[in-house]
Amino acid sequence: MSDFGKTISRRSLLKTGAATGLVLATPTIFTSQSWAQSAFLNDPAKSGKLVLGFNVPQTGPYADEGADELRAYMLAVEHLNGEGDGGMLNTFSSKALQGTGILGNKVQYVTGDTQTKSDAARASAKSMIEKDGAIMITGGSSSGVAVAVQALCQEAGVIFMAGLTHSNDTTGKDKRANGFRHFFNSYMSGAALAPVLKNAYGDDRKAYHLTADYNWGYTTEEAIKSATEDMGWETVETVKTPLAATDFSAYITPVLQSDADVLVLNHYGGNMVNSLTNAVQFGLRDRIVNGKNFEIVVPLYSRLMAKGAGANVKGIFGSTNWHWSLSDEGSKAFVKSFGTKYGFPPSQAAHTTYVQTLLYADAVERAKSFNPCAVVEALEDYEFDGLGNGKTLYRGADHQCFKDVLVVRGKENPSSEFDLLEIVEITPVGQVTYDPNHPQFAGGALGTCNPGA
Amino acid sequence: MEILKVEGVNKSFGGLKALNEVNLSIEEGNVHAIIGPNGAGKSTLLNCFVGKLTPDTGSVTFMGKNLIGIKPHEINQAGVSRVFQTPEIFSDLSILDNVIIPTLASNDGSFSFNAWNGVQKRGEILDKAESILEDIGLAEKKDVLAASLSRGDKRRLELAMCLVQDPKLVLLDEPTAGMSRADTNNTIDLLKRIGERGITKIVIEHDMHVVFSLANKVSVLAQGTVIAEGKPEDIKGDPRVQEAYLGGAHI
Amino acid sequence: MVGLMDAIFLQILNGLDKGSAYALIALGLTLIFGTLGVVNFAHGALFMLGAFCAVTLNGILSLSYTTIDPSRTDFLGKPLKVQTPYVEAWFGPEIGATIIQWSVPLSILFAIPIMVAVGLIMERGLIKHFYKRPHADQILVTFGLAIVLQEIIKYFFGANPIPTPAPPAFAGSFDFGAWLGFAPGSIIYPYWRLVYFAFAIGIIGVVFAFLRYTTFGMVVRAGMADRETVGFLGINIDRRFTIMFAIAAVVAGLAGVMYAPINSPNYHMGMDFLVLSFVVVVVGGMGSLAGAVLAGFLLGILESFASMAQVVALLPGINQIIIYLVAIIVLLTRPRGLMGRKGVMED
Amino acid sequence: MLGLNKKDTSLFLIVVGMTMFAPFILNPFPETSQLAQFNAGYPDLMQRFVIFGIFAIGFNLLFGLTGYLSFGHAAFLGVGSYAGVWMMKLLTMDVIPAIFMSMVVAGLFSILVGYVSLRRSGIYFSILTLAFAQMSFSLAYSVLTPITNGETGLQLALDDPRILGVSQVDGSIPPASIFGIAMRDSWDLTLGGWSFTFNAGYYLCAVIMILAFYVSVRIFRSPFGLMLKAVKSNQQRMNYTGLNSKPYTFAAFVISGMYAGLAGGLMVAMDPLAGAERMQWTASGEVVLMTILGGAGTLFGPVLGAGFIKYFENIFSKINDNILYQWFSGLPESVADALVFVIHPFIGKGWHLTLGIVFMLVVIFLPGGIMEGLRRISAFVKKRFSSSPSSNGAVPSAKAAE
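Protein chains in written order, with this note's numbering: chain A, 1162 to 1614; chain B, -7 to 243; chain C, 8 to 354; chain D, 195 to 596.
It is possible that part of the hints are untrue.
[Stated by the list, open to error] Mimicking DSSO-like on lysine-lysine, the simulated pairs with C-alpha atoms at most 30 Å apart in a straight line are: (1) A:K1502 - C:K88; (2) C:K88 - A:K1475; (3) B:K146 - D:K440.
Source of the hints: derived by calculation from the structure; they are not laboratory data.
Working from the sequences, and respecting the hints, build out all of it.
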């Protein structure tokens, strides 16, 4: 705690200056939230309750992903409170968590709906912080929301553990000291995919990109383009498609007329389902261009979305953060407790949110404090294992996790409705690590942690 | 003195010639009736006076001012008010508001941004509006919604809305259409009383009883042309008028 | 490498296809508006319900019994439960599989009674009470209904798209290039999309013929023009209008059924189409059936052209706004849309 | 008082009282009780109540008075928000320039949109405004990303210039403030089991809403307001009465656009991020729903409608099964399970469903919205408890509609 004393007292002084006049004029029953003795916002020791805020899309197109995230959160809360089979607590390299809550406090939670809109997500997060006294916010299923809520948590002074967010910006130009991302990112997708694509399709390919016209699309296109160009591919054309597009035929047909022999779909969610379905409908996969089979690549795969595209995903390469068929002990333990509780295997969104919750709890235990600044320090440059992606580093410079990345392919003969993707390669962490000042992540600064008081 | 002059007005709809070389001259202070069978072009002619329609050729001048191509609200500001065949009032406003609006229009012009001080602060406007309601006998109902009035009362209200503007010329489109005999007589009385104010009126009418009780000049329109003009008693006996009403018209 | 003409030809095909969906939804909207004078914000939901009729029939046909295969294991390491559809057990695996694969065309038969029922219940139960209410109230209540319908679908089917493929016979594409004597493979178009276009034309033709050549249709058209007069003739126009509502619901529903293989249905697909369809109806001219169809195809084609890389390079973002831009231009130059009548919905 | 008649004065005083004591009114349940879930007295939601109240008041000046149904009003709110954030990025974290700029920019944008859209009326007007708003949204989300930061929304950064302020304080972005009082500063009052929060930002918004409400009452009662009602009632008669309806509707459109801009400016003053979604047609639809739900054309109805929808969005969406089980913890398990099973579809992720049902019920049974409901209740109470039988029930009074 003493490490943070300086910041805190400095802050308190600033606040006091602004608030004194008013406080003096008010009866003594008023206590100023902003400068009470408590050194940080929503201290469980003060309020007597430990509340985590699970902020996921419950309405809108990503509602199913949000629902899976919520399931994972509830499982994590069970495990932290010592209920159930303990899941990944048993395989986690850190043994700080004992199934007795966090620092002896029973974990409680509140849930909210981000609607996959920045505004709604921030409103929901604010109500968790202001009304329910949440000490940590986590969740989300899109980068726009993650960046917006991360900035809010920084301003408010709580920790944000990002859910599914893949844009480089989350830990690039929009990084924040109070925010952490376990999920992988566009750059890593590119770095992991490129060698596999080279092996499978050769180094003399012409790629045509269709890119969702918003931030995540831009960073993914940039990442894939630069990774594939580095290994010798040529980028024939990059075309932006409107977010609201449902029918991609008008964007697919020009592909037929270019001399491209690979189509890269920088799309996610409903966009991905529709563009991939359309591309297959137009017979792209049956084409032979430049003497080679035409191929399609989907940089970011999600099993839930793959399901929506049905048989169209067969044989198509992509990358993913995690998959339930991984055979390490951590993954097996997680799949077992999730599958036993809910009857189907968890998605990658469920995995990352479960792990984030555990990582937060563990950091608090190790820091022996809920103070966000203490948590930040405990997480920065922390190395751990046993949570499903092998040895992992939470890099202090940008609060991004570095771990193995999976390259997957749509399975030809699925044995069940969950068995849609097969792991082609587990790309070792070394291959996807980049310098914090890499051009794709340039700009922005972490700033300093904010304990909110 | 001539207040309204219509010269050589033609108007066609598609192939149908609704007005054919209409010439008309309205003297100040007169009650001038325009009569004619159905489809003779009476309402079309009236619409050409108030800017609802633009004649294909010809001219309409009001007190020396051209009215063709002028917007309805400008024509009204020049001093022409109109009563419609089916009462056009502000049904979901109170009766008082219905008269305040035209009063304000003639006081403040076609647009004025008085968004701050309440109508209540405008004593002279309120007085004028209330006094006209007294005149037509609707003062007690002034806070009632206009939609709830009887058809006859609506028409009287519309008339009040025109008169409160102190117009120089009032156009009345079948002021007694669909009224009972008693209501018709009331309306005639009311119009006569207004007549005392010296406002020039053009009345379109079917009902000869009304025409002959009010008008001091009559023009007869048939198939888009003025076929006769003169004092009511002269018109009564004109064979061309008989012909138009009884035989010649395409019924 | 291939000429601009090919590209334009393809975009016209794309536009016709997209336009088919717009036209079918707009046609139903206009029928409802023209006959009942009701602004139906729940019309997109009817389209969505149609698509989910296909999903449901697919689900029913795929109803399965479970056997345990001890030789294989599921994700938890337990013996694998194998699902076998009943139809495959009853008719043999091959015929059974074929029946399931043909579920989308079969859904047409399944959807018609359902959409008729939905239409009748909606009109009798709700819409008829709103004939005399302001348009704003109609919008609000049908919007509320649309939300309720789509949330119910979401509750049962989830938020993710559900793949609903066309029969394998329609997989693959037609090679216009070879057919027209160009290079083979230069212009190809998926069979199912051609089917969709033909289907839309067929439905539009049937609706127009119905309105033009049957007594029922003539009365309805007369009612659209002047409801009171027809009422004076002693014809019970209300009942006919109820039937028209059901027909509009069926048109929207069938448009949805056939659309399911093109894009996997999801619960909010109705809302995605709703606003565009309204724009289509207004551009066509409120109350004009022919206008709605014309505007549907026109906007579909313009949207496709606007997505061409050459056009976007010239005017960045044009593909995002083309429909709205066209709507503004049309409304400013033709006050009542392309074929609208005077005095409809102007107050 | 203040140039208002007696009835308006008392309504105004009620509004002032409600907004000033909102922290108490909205937190009726003790912190520890199960019903605390329904408390809405936390700063963010209170701010939203009044901000969307302002938005709805402004929308009502256009729709409620003139009857012109704009389906693109959210665009003005969005444009105002962007302007506000840019002021905070470039100039200072003081909210006054941001709010001022929001109104100006939204006003200018509404002049442009209004000038074009008001050439048509009825549904054609609605579609024109919708088209403008959807174009703004689509472009802001994609090609205008350099100005709007697209999907993420425009937000502050540590390296913003802020020429009249500071870029950062100790590695943090300085908070939005007014005369040195930070918008997020709050003071708590604990009384027994109750806890009330007084937030600086809320009180700024509340004061501005009271002003906005006051201005709207003045407009309602002014000759200008009467002319706007005339536009809605009978535009033909209006024109033949010598009034040019165009500048009236245009002025109403711009005023209402500036109200939207004001709301947008306040939104970013409370929470400095402007997302493109606030310009989407659904956002425009939301303010339409608020106004109609509350009672279009009434003075205070739109504010109630705004509060109602925001309450649903923020309170109902946060109820989950876990909370339900806490409520029913006193009941036998099977009963609790059954209750949770029944309620489950309507809460949490089902809040849209509940909202949809409520819309339908209100429109079907209360055509005049919430205000109509209140009026019926008060009429019922009066009838029930007044000694003299009602004498004026039969005459529809024009004032009754307000």
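Next item on the list: Taking the numbered hints from earlier one at a time, note which ones the structure violates and give those numbers from smallest to largest.
Entry: Checked against the structure, no hint fails, so every one of them is satisfied.
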